[in-house]
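**Q** Given chain C, work out where chain A should sit, using these hints.
2 protein chains.
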Amino acid sequence: MPFPEDGRQRVVIERVSPEIDAGRFPIKRTVGETVAVEADAFADGHDEIVVRLRYRPADEVAWSEVPMESLGNDRWRGQFPVQQLGDYVYTVCGAVDHFRSWRRDLRKRLDAGQDVRVDVQIGARMMQAAAVRATGEDAVALRAWCERAQRAEPGPLTALCDDETLLALMDRWLLAQHTTTYERELRVTVDRERARFSSWYEMFPRSAATEPLRHGTLQDVIARLPYVASMGFDVLYLPPIHPIGVGFRKGRNNSVTADQEDVGCPWAIGARAGGHKSVLDELGTLADFDALVTAAAALGIEIALDIAFQCSPDHPYVEQHPDWFRTRPDGTIQYAENPPKKYQDIYPLNFESADWTGLWTELKSVFEFWIERGVKIFRVDNPHTKAFPFWEWCIGELKQTWPELILLSEAFTRPKVMFRLAKLGFTQSYTYFAWRHNRWDLTEYVSEITRGEIAEYFRPNFWPNTPDILTEELQSGGRPAFIRRLVLAATMSSSYGIYGPPFEHGWCAPVRPGSEEYLNSEKYEIHHHDLARADSLQPLIAKVNRIRRDNPALQFNRTLTFHPIDNEQLLCFSKHSEDGTNVVVVVVNLDSQYKQAGFVELPIGDLGIADYEPYQMHDLLTDARYMWYGSRNYVELDPQKLPAHIFHIRRRVRSESDREYFQ
Amino acid sequence: MPFPEDGRQRVVIERVSPEIDAGRFPIKRTVGETVAVEADAFADGHDEIVVRLRYRPADEVAWSEVPMESLGNDRWRGQFPVQQLGDYVYTVCGAVDHFRSWRRDLRKRLDAGQDVRVDVQIGARMMQAAAVRATGEDAVALRAWCERAQRAEPGPLTALCDDETLLALMDRWLLAQHTTTYERELRVTVDRERARFSSWYEMFPRSAATEPLRHGTLQDVIARLPYVASMGFDVLYLPPIHPIGVGFRKGRNNSVTADQEDVGCPWAIGARAGGHKSVLDELGTLADFDALVTAAAALGIEIALDIAFQCSPDHPYVEQHPDWFRTRPDGTIQYAENPPKKYQDIYPLNFESADWTGLWTELKSVFEFWIERGVKIFRVDNPHTKAFPFWEWCIGELKQTWPELILLSEAFTRPKVMFRLAKLGFTQSYTYFAWRHNRWDLTEYVSEITRGEIAEYFRPNFWPNTPDILTEELQSGGRPAFIRRLVLAATMSSSYGIYGPPFEHGWCAPVRPGSEEYLNSEKYEIHHHDLARADSLQPLIAKVNRIRRDNPALQFNRTLTFHPIDNEQLLCFSKHSEDGTNVVVVVVNLDSQYKQAGFVELPIGDLGIADYEPYQMHDLLTDARYMWYGSRNYVELDPQKLPAHIFHIRRRVRSESDREYFQ
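So the sequence lines, in the order shown, correspond to chains C and A. Residues in the first sequence are numbered consecutively from 197, following this note's numbering. Residues in the second sequence are numbered consecutively from 197, following this note's numbering.
Watch out, some of these pointers could steer you wrong.
Note that the list lumps identical chains together, so a pair holds whenever it fits in one copy or between two copies.
DSS-like mimics (lysine-lysine), calculated; alpha carbons at most 27 angstroms apart, straight line [stated by the list, open to error]: (1) K304 - K538; (2) K837 - K612; (3) K537 - K304.
Worth flagging that the hints you see were computed from the coordinates, not collected in a lab. All figures in this text were calculated on a predicted structure; none of them were measured in a lab.
Excised from the complex, chain C in its bound form (with noise of 0.2 angstroms):
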């Protein structure tokens, strides 16, 4: 066994947080957003020691320190800011601080009244040493200290141990020696804040014509925009916009035979006029999507696409790029299965091809298409069934050029692969918020996604509805299940969306009882919807979408905290913004039938709020205002009203003139 470089580095630093897999993945921040990184750190013996957070913009070489403070427990702990796109490293160093345990020792040694001066001289010993180093004003300052030390008189010796000038100088210039530093220098991935607050609007081109049975086209879209924002959604995404695939089409309702009039599925992507690259005919031209794009972005409206790597038997790398695909031993390309089931219509990339990196080159130019149109937002489908080293190296070449991008991974299956997915790179997910109804599954599922390690690199994005989607609480339960749902999605996520129109006009019928398909879906024909319907939910997403761009406790999930009610039909929750003075509590009844009622307890003491100290609850629904006295309150809610409250807390301030208002 070698000598290590330095055998007299004494202190240890261990057990480094945030830390996914050993530093093999990055945590994600947005910029703005602090960094909090704690570590144990500890030496031999009874010296102190001083522990630093290191942190740099991985294309830099300068690292910047900030020191990290003792938590107790050999806990050390440090945040740094993150203001730039793109990743940052960081790490801990630590070393002794012989100077801290001179200064520590020598206060006890004057107390006992010892003769100290011996010790005295080894002070003035490490002040010369820092004295030789520093420059101006401080060399004069540590050659001053110096000099008094060494004259000790009972005076100045008190001030060597409690002068916090001689202190912030010696640990300028007294260089610390034989320094540890962490073995792994971990990374952050910071994102544009999108990434972590966005109010996505998913919506079928082809049905935003607006009068009946023409397809709808992109110049449809652009008209639809106003729509859209004035609901408060801020990222418009569109199913695939690419040729249809003909052969083995499928006709409404899924069925496996098409007739002449069925405009097929979205999904089955490409045909002779084109692949990824291309747009539908009956949907406009590339110029049309420039300006849907830039007509957008004037509604501050991002416009997200869909990442569908899959083909159609008509698509056009089936004939250039056989190999891209497996090959039956009849010489037929191998369709989609999940046996017995056959997805003929629907050719799956093969990513075992020989020509992988061919394969993954092509892929990634897709995104680049279109991110040269102006993109900066994709919702992948179903991503966790192609190789998941492609998605590492895509999404990080991407990244290098791009840091801005949003990826949205749509992958309905295992949490862990759903994990690997947000580890690999991923923005964003999906999650199973569409199937968590009760109180418990609520509670478990939030809070798993909403804390600790999983949330430094998972981002939720909740979606009470998609066009695969269509739960059974939303098929049984009417306009308060759609409210609710509607209400727990934005407030629970800092992210989250809606497919309409079928979201804001209560769409509730499915294919068939037992299914989560709808009935008539637009998957597979088109709909023309009657924007003005008195019943439409559009109102009620606006107050929303208003209420969380308003309040910045719910732009961010690491706050969320559920509280105890005693009906187990009420749900409570809330949310703080960073600096603790925004503070939202939303009151849900999951009950789509009956009224509901009982007590909440909140812990007002945190909010630093007093026992006797009455504060107002502000509903920012309803506009109603509550006032509530104690951490026990009375709730009550009636789904055929509103089935929940989302509570500003205003709290009692005296003005000058003694005038009670609430801030």
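**A** Positioned in the frame of chain C, the structure of chain A alone reads:
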């Protein structure tokens, strides 16, 4: 971002456990144990995967492999035996299993009555590929299967999905492609059995004389060996046997002035006569020491030496290597301090010495000196006041030559420091056991160090007393406290020790109230012990150690489980052997004064005992037998009689002659 070497490695391996600090440190086992390894493993899509555990002795090149089994939720488990001393290495690998995927899907297709002619050809191709690689009978068999597949009749087709011999052939010969190997190789340090299961006895050789006043010798220790053996101990640990310093020598009861007759403290190591490689004249010679090692071995006892790396002012190092110590500005050498306390009889070594490599080399040679004289067990004094990198290097070096070494870390300090030393290579560790008295404290602490990750590298050694530790519980609890602490130490921890004869003679007087130091401590003076005392705990200790030897359950800690009991003054726990055949249940009365009774609840279902089935609780301490029924049974312990049960559970077995007996 470059392409990975093989982007077709579709299987992910994550969260392998056990893994200490990302593989930075090994886990620990003893020869003959197994290592159970778990990992998350999954692939994209729906293919089956195969996951294998790889392992090898660290100094061999070829891996052995065992299949891992799915535990559900993408978790896999496998295990391997460690059969020789030294380090082993393990890791996990996995690949998509196309044959298993094909077999599973073929079954579904057959069940659905589909035309599978093309699918069968896909399987036949795989069998063909396997046949080409196979040799001998396997090749013949695979070719036969291939032909059967190509004939494609319903009967054989079913066999293709179900036949386990075919599956085994394919497992053996179909080359797994694009195998993912976990990114780290993890280590196991394999020690001999005594590293895990050991019974220590500590005594001062100078108090071993058979008559009062005379300074005991190593020859006296030889004469004392039958006594130690009679109690069943297998490690005899001696405080330092080296020349003792004269400068600033401590007198009786740690007095700062010593008179002419004072023998000094054995931990003030070094005098003109020699240092860490010499024997104190009064104790005898190196030849006597060799004789002691040999005589002990004949009784199944190993001699453990104390390694205390510190020096008296008279140690030869002080003159030969003044640079290994800190020098004060007045030219004197820095003595040990805990300001304002001064320990002028001790010079600590300076691990920041410029000649640290020289210092390390010399310290290692101290171990080597005694190892070459037959010592394979060391108790290391205050390892936490020496630089951590030294221990890792020193223990690593030593164990490369002598993997049978056992080092006990005497670090009574903060938990993370104690755990770090265990990670760095110490075989066993002192613990806080001595200060854990009540049920909650014992349960929490013992659970912490016998379960989970900590138990993978930290092996506790429980001591009711040491020359430095006479706990308040022993001072005030009388004989019941001594018995209780003996039983707890010997049954909770597979390694334990006592400091005698003060332990078996019930020494309980502190040097002053509130102190844990003994009055007239053997650390500073010679004692004469009357081993024939009628009140000696010797017979009980002998019985406890015999119980430990007879019951494999007590030779491991991994199965330790606490059981509910409705009296806070009673503690109940069980241990069982790896194979489950030996089960020991311990019940202890934690109250030194009063009889305590309560109902204990045992999970008898886990032991294979039905609710209606009687079972016998055989108290191995008293030989009493109790018949218990069901999970809830009464216990009663009178501290004035015996404050503990050590039960062996005997189940009823029906013999051929229908005469009941209990196994």
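**Q** All hints are to be evaluated individually against the structure, with a verdict given for each.
**A** Hints, verified against the model:
Proximity of K304 and K538 under a CA criterion of 27 angstroms is satisfied inter-copy only: 12 angstroms between copies versus 81 angstroms inside one chain copy. Within a single copy, K837 and K612 get their C-alpha atoms no closer than 40 angstroms, and across copies no closer than 57 angstroms, so neither meets the 27 angstroms cut-off. In this assembly of identical chains, K537 and K304 lie within 27 angstroms of each other by CA distance solely across copies; the values are 10 angstroms between and 80 angstroms within a copy.
Consistency with the previously given hints fails for number 2 only.
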